[in-house]
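Here are the chains, one letter per residue:
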Amino acid sequence: MAPNVPRGSLAEPYPPGSSPEDRFKVLSSLCSYGHNQTVISGMLRQILLQHFVDPTQIILPNLRRYLETNGAWNQGVTSGVYIEAIARWRPELMEARPAIVIKEGAWQWKRMGIGNVWSADWVTGREEFSGQWSGTHTLFCVAKQGAETQGLATEVAKTLLWYGREITTAFDLQFFTVVGIGALAALKESTEHYVVPVDVAYLVPESWYLEQEAPRLKRIVFRASDFIGYGG
Amino acid sequence: MSGDNQAQAKLPPLTPGELAKRGLIKTLDISTYEPNQRVVDGALGLNRATSREAINGPECPQGQSR
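Residue numbers (this note's numbering), protein chains in the order written: chain A, 68 to 299; chain B, 2 to 67.
Hints listed in this document are in silico derivations from the structure and should not be mistaken for laboratory results.
What you are looking at is a predicted structure, and each value in this text was computed from that prediction instead of being measured.
Derived Cβ-Cβ restraints for the label pairs, each shown as a range: (1) G43(B) / Y230(A): 18 to 24 Å; (2) S86(A) / Q38(B): 49 to 55 Å; (3) Q38(B) / P272(A): 19 to 25 Å.
Just so it is clear, CB atoms sit at the ideal spot from N, CA and C, and this is done for glycine as well.
Construct the complete structure from the given sequences, taking the supplied hints into account.
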């Protein structure tokens with residue numbers, strides 16, 4: 068092992084003097100686990116946490132000043148803004164502050180080609196399939212003042228819209244975009260709060276293959292006479 | 002300013018729930034909210050057939066021409 072290679076690093080298994088080639092763009096758990104609705108929820112939450120953790124990153128001046136005064140996002144109960152997935156939503160923590168609640172919508176399968184078949188190898192029997200999921204998530208911006216709620220929704224929508232290309236690339240999606248900002252409404256669960264939904268949509272690629280376990284040409288029964296045109 | 006107007010000015014602003022009761026805004030239920038699928042498909046470019054129809058106009062009934 069090379070003297071300066073930290074133990075457990077990628078270069079460790081290679082002999083001294085060798086230059087292993089790393090062909091991975093980014094090592095990501097997406098490679099192992101693939102996409103699902105929970106992963107996208109986590110991705111959106113992480114992006115928003117990183118945005119709201121520092122008031123200097125906030126686009127809208129009013130919201131920036133609010134977070135400078137009341138504190139930006141933090142992990143504790145003193146966080147200036149509450150950002151959580153719907154399944155972990157704790158209403159008692161968002162009573163007195165703006166909140167962003169992330170909820171996954173439906174995923175719909177978009178078939179590509181006939182029967183999702185992308186290619187087939189007639190010798191081995193291997194068939195490759197491909198298609199895409201059309202998915203949606205909604206980010207519910209909740210606050211006690213109408214303008215504050217609309218400002219929060221605008222901030223969320225613009226952040227995700229502007230970084231849309233980066234999100235598409237980094238999270239291995241085919242497309243990611245903001246669909247729209249909804250109208251100001253009263254939150255049904257709490258008549259003291261306003262809510263504005265921000266819808267996002269994305270395309271998740273999905274590819275797989277099926278391979279015959281037994282040799283495809285193991286047993287073919289036919290009579291030569293069936294093909295060469297004389298009775299036998 | 003009359004006495005009535007002064008009294009009105011001191012009233013607190015209406016809560017979202019009261020605004021919804023008066024029909025000024027809608028009530029949104031997070032549990033049942035779903036994005037408009039047609040709008041979503043449009044944003045993702047998945048409703049090309051619909052777009053073509055919008056450009057060409059609706060299909061004529063059989064046997065008729067525009």
